[in-house]
Every structure is written in structure tokens, then in C-alpha cells.
Amino acid sequence: MSHEPDDSRAADSSEAVGRAGRRRERRRADEAAREWKGAYRPYDILREATIALGVVLGLALVLTILFSSPDLKPSTVQTWSRSDPVDFVTTATTELDDSSITGSYGPPYNHASDGQNIWFIHLAKWFGVSHPINTAQDFVLAPLRSITGQPALQTAVSTYEAAPANTQTTWTSAYEKALGNASAKPGGSVSVKPGNYGPLPTMMGSLLTFAQSGGLDGALLTSKQFYQTDYTKPLMFMSDGGVLVNRAMQQHLLGTQWGMMNETGSYPGQVWLWLYTFWYQIKPFSTSTNADILVLAVMGVLSLAFVLIPFIPGVRDVPRRIPVYKLIWRDHYRSAPPAGTSAGHTEEA
Amino acid sequence: MSSVSRKSWTARARERAVGALPPEKLLPDSQPSYMSSWIYVFGVLTLTSLIVIIASGSILALKGPGWWHLTGIGHFFNSIHMWAVELFFFFMVIHLWGKYWMAAWRGGRARVWITGAVTFLVAVPCALSGYVSQQNFDSQWISTQAKDAMNAAGIGAFWNLMNFGQMYSYHVFLLPLAVVALVIAHVLLVRRHGIVPPFQLSGAGAGAKPTSAARRAPDSGSEGTS
Numbered sequence: 623m624s625h626e627p628d629d630s631r632a633a634d635s636s637e638a639v640g641r642a643g644r645r646r647e648r649r650r651a652d653e654a655a656r657e658w659k660g661a662y663r664p665y666d667i668l669r670e671a672t673i674a675l676g677v678v679l680g681l682a683l684v685l686t687i688l689f690s691s692p693d694l695k696p697s698t699v700q701t702w703s704r705s706d707p708v709d710f711v712t713t714a715t716t717e718l719d720d721s722s723i724t725g726s727y728g729p730p731y732n733h734a735s736d737g738q739n740i741w742f743i744h745l746a747k748w749f750g751v752s753h754p755i756n757t758a759q760d761f762v763l764a765p766l767r768s769i770t771g772q773p774a775l776q777t778a779v780s781t782y783e784a785a786p787a788n789t790q791t792t793w794t795s796a797y798e799k800a801l802g803n804a805s806a807k808p809g810g811s812v813s814v815k816p817g818n819y820g821p822l823p824t825m826m827g828s829l830l831t832f833a834q835s836g837g838l839d840g841a842l843l844t845s846k847q848f849y850q851t852d853y854t855k856p857l858m859f860m861s862d863g864g865v866l867v868n869r870a871m872q873q874h875l876l877g878t879q880w881g882m883m884n885e886t887g888s889y890p891g892q893v894w895l896w897l898y899t900f901w902y903q904i905k906p907f908s909t910s911t912n913a914d915i916l917v918l919a920v921m922g923v924l925s926l927a928f929v930l931i932p933f934i935p936g937v938r939d940v941p942r943r944i945p946v947y948k949l950i951w952r953d954h955y956r957s958a959p960p961a962g963t964s965a966g967h968t969e970e971a
Numbered sequence: 626m627s628s629v630s631r632k633s634w635t636a637r638a639r640e641r642a643v644g645a646l647p648p649e650k651l652l653p654d655s656q657p658s659y660m661s662s663w664i665y666v667f668g669v670l671t672l673t674s675l676i677v678i679i680a681s682g683s684i685l686a687l688k689g690p691g692w693w694h695l696t697g698i699g700h701f702f703n704s705i706h707m708w709a710v711e712l713f714f715f716f717m718v719i720h721l722w723g724k725y726w727m728a729a730w731r732g733g734r735a736r737v738w739i740t741g742a743v744t745f746l747v748a749v750p751c752a753l754s755g756y757v758s759q760q761n762f763d764s765q766w767i768s769t770q771a772k773d774a775m776n777a778a779g780i781g782a783f784w785n786l787m788n789f790g791q792m793y794s795y796h797v798f799l800l801p802l803a804v805v806a807l808v809i810a811h812v813l814l815v816r817r818h819g820i821v822p823p824f825q826l827s828g829a830g831a832g833a834k835p836t837s838a839a840r841r842a843p844d845s846g847s848e849g850t851s
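Line by line, the protein sequences give chains A and B.
According to the working numbering, the stretch in the first sequence is residues 623 to 971, in order.
According to the working numbering, the stretch in the second sequence is residues 626 to 851, in order.
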């Protein structure tokens, strides 16, 4: 019979004894840290807090005086339609045939897709459509219906609504293609080459005029009640176009530029989100269609680990093994050298 | 007398509270001799940054969300608020790193670490809800970008970053309430358990040899703010 099993058992037993010893030592060291039985010195805690408050207030004041804070005016549908009417009309046309970002988004706005998932977990789909958006109705048709005194426009809208779906798609596709070569006229209107666009030129011309007058901003906020604080629809509409992204690019706020952790101007922004934003810059996250849920999953695990550091072997032992504590408590160790040692202390635990 | 034999809930709660945190522990006038490092100031700097945030935020809330866009004094208080937030996170991160390298969870202090770490995690959405409540271009961009992560996790179904009313409520009340509650719990736990003693070195006892300048604390008051 081979001796190997016996050797193995002996090694295992020795290892087990070693592990048990380390556990006992850790418990002993932990117990020793429970209560300080050494010396104390006078300390005025309220004085320290008052001084700290003064320091923070002073720092905030100095930073305010030197740098103030950013406050770029928000974009509106009105400013967008006036500054870039071709982009506005193109976006509105994609809203009609659901080919816009919002139109194909999925939950919580519509059922166009299942949303992002990680393995078999489809949280977006499971939580469902909580903020329904019908891009054609909400962004184009309903606002056009609210315009009174224009029978030709109402007839055009009726013609569009009554047309079969494939005819509508033919019109919108042809119109979107023509808009690719369109330009804005000095008055702010948009003209395209003649083609088979059905009633779209009439509809989009009126929508553009409505938007340039500021009426569409109000129409997109309209709800069943007088008071309104939900800007989901106008923001989603503007996000489908270039108005926000163009300004963001100028301000270095795109996802590839570390996105939302930045702030307009040269302000620090949400720098504490650096690790969250970092994952978006590297593969596989940067190329994944499920990047958001993957990054959130990683950050969820890391956040849990952060909270539970006291219970995670290895991570909790790093401070003991890399003696930064000797720097932190150098005065203490200098004033109270351990017996039998000179200046160089040896960590016991 | 029945009040002696059967204590009221109030009396029991008071006795338990005072037992856990007697006045000399709650407001100590002495600290362990090893509390001698700049790293200890970052806890109280974090705490006082939070006070400045709440004070400046309260002024902004009193005047309403649109005030700071229209007046110079409003913009001044918004700037104070913003920089106090930056300082709060800056000090808190240093405080957390310092406590990590001290292994400040030792000696039954795991809850102290946990409440501190959770405070950081709750402060992040508290700040985010503020950024999307600013009613300017930053709000528009940040809300439309951050919504994708919220939606992917299903959170967007009930926490809509583009709903100003909802975000404002979270920012000025619900999330600050959570942060303040966590900070109070954290500070009380620090007061109860005391700041963590240094690692023991070879040949040293549980407590270091008192120096001539040091004195023994009355009773067991042994905590710092950090």
C-alpha cells in the first residue's frame, strides 16, 4: 500500500491545524481591538467639529467665488426646430414609422423589444411598460390634431391615418431618404425634391411651424391634469434627434468621453461615478448590446463586496499585510515601542 | 409601587439608550492616545460637508427650484451647494480609504463599516437626483443618458430620471433623509464602540504603555468622531 494517502492526510492535518491557528489568532487580535485599555489624552470634540465646519464653509466659499457653478440653458423643441429644422423633421418622420430610438426602445416605453437582459434575467421586460409612449401618436399625430383652423392639415392627417401600414412606410421611407439631401430655407422651412411622400410634406411642414412657435413644447407636456412635472416625452423626442447629442459632444459629455459623470464646462461633475463609467470604456461592455445591465451587475457585485469587506477573507486581511497602518499610527508606535524590539516593529497577527 | 416593579416602555428605552451610550461616551472630552493622525479629520470633514449641503440645499428649497437660475444670490447658493457636495464625496472617499487601511471593522465594529459604506452608496443616487433636478442642459443630458441603466435594471419603471417632480422629491427629502439617518447611525456606532485601536505589534499588550503626558480616561469614554 502506498504511503501517499498517509502523507496526504498528514499534510491535510497540518494545514488544518495551521488554518485553525490562523483563525484563533485572528479572533484573538479581533478581541484585543474591542476596547482600548491604554492611555487617553484630552480632546475637545465640539471644538474640532466647529473648526471643521469653518474649514468646509471656507473651502466652499472660495471654490464658489473662484469657479461658480455651471448653468447652461436647456434645449427646447422650439430652439431645436429653429436651429436645425432638417434634423427636427427627419426625427419627427422616424417617430411616425417607429424607426426612431424611442420607437424601437422596448420597456418601459413600449413593446418594440424585450429590453436588455443578463443570462435569463429580463428585468426590463418583467417590470413592463410603465411609461407608455406611442411615438407616432404622442410626438406627431396628436400634436397635429391639436392645431385648429387648418382643414388641409387635418385632411392630410386623416389621409395618413387611413392609409395601409405598408403605404405609410413607403411614404416615410421615401421622405426620410429625401430629407438626407434637404436643406433649410432662410425662413426656417424645409423643402425636399418632389416624390411619393403622400401627405407627409403638409403634415411635417405644419409640425415644424408648430414647433418653431413653441406650441409643440407645450403639446408634448400635455396630460390629463393641469399641473405637470414629467418631461419624459419631450426629452425622449429630443434624444432621438441631434440637438442634445451635438451639444453634449461640444461639452465632452458623450459616453465615449466618460459620459454622464462629466459636467458642462470644466467642472468636476460626478467623479465618484468613475468606476461605473470606466466599464463602458472597455470590452466586452463597450461593444455589448446589454452593456447597461452588465455594468450594473458588475457594480452591484462590487458594491456588495465593498459593504461586506469585514467578512471577505483576503480583502479584509490586506490592511494587516500591507502595513499602511504603521504610517497612520506612527506616533503611537514611536511612543510605545513593543518590548524586545527596537525601532523596527514586527506585525504579530 | 407598580412603576418600580413594572417599568414603562419609555423607562426601558431610556435606560437602554443611556446604558449603550452614557453621556461621557456620547460627548467624550478625551480620546485614546493613538488618535494622532491627519487621517482622523476626514470623518468630521465629511460630516460638516453634509451640514453645509443641507443648509445650502434648504435655502434653495425654500426659494423653489427655479430661483437659482434667475438671481445672482440664488446662483451663489447653488454654487455653495454644488461645491459642498464635491467636498463631501472627496472627504468621504479619503475617510473610507483611511478606515480600510486601519481595518476599522475590527473588534466588533463591522456595523460601523457597513453603515459608512452604505452611506456612500445611498449618497450616489442622492447626488444623481440633484443633477437631474437642476432644470438645465446638464439635467437633460444626464437624465437621458442615465435612464438606460435604470431601464435595463427595471428601476426605470418606478424611478424615472426624466420626471422632474419625482426626482426633486427624492433629492430634497427622501434620499437626504436616508443619508442623514445612516450618518446618525454611523456616528452613534462610532461613539458606542470607539475608534479602532492600532494593530498590535510583537511584544505589545492590548494597550500601549501610557506616556507621561497621557492620562486615563474617566470611565470608558473612548471614542472619536472619525
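Derived from the structure by calculation, the hints contain no laboratory data.
Remember, it's a predicted structure, so these values are computed and weren't measured experimentally.
Note that beta-carbon positions come from the ideal geometry of N, C-alpha and C, so glycine has one too.
A portion of the hints provided could be inaccurate.
Label pairs and their in silico Cβ distance ranges [what the hints assert, rightly or not]:
no. : chain 1 : residue 1 : chain 2 : residue 2 : range
1   : A       : A787      : B       : V805      : 41 to 47 Å
2   : B       : A636      : A       : F742      : 50 to 56 Å
3   : A       : P945      : B       : S794      : 44 to 50 Å
4   : A       : K905      : B       : S794      : 22 to 28 Å
5   : B       : A680      : A       : S721      : 31 to 37 Å
Comparing the hints with the structure gives:
1. A:A787 - B:V805: 41 to 47 Å: 55 Å, violated
2. B:A636 - A:F742: 50 to 56 Å: Given range 50 to 56 Å: holds, Cβ gap about 55 Å.
3. A:P945 - B:S794: 44 to 50 Å: 47 Å, holds
4. A:K905 - B:S794: 22 to 28 Å: Given range 22 to 28 Å: violated, Cβ gap about 39 Å.
5. B:A680 - A:S721: 31 to 37 Å: For S721 of chain A against A680 of chain B, whose Cβ atoms are near 50 Å apart, the range 31 to 37 Å is violated.
Against the hints set out earlier in the document, violations occur for numbers 1, 4, 5.
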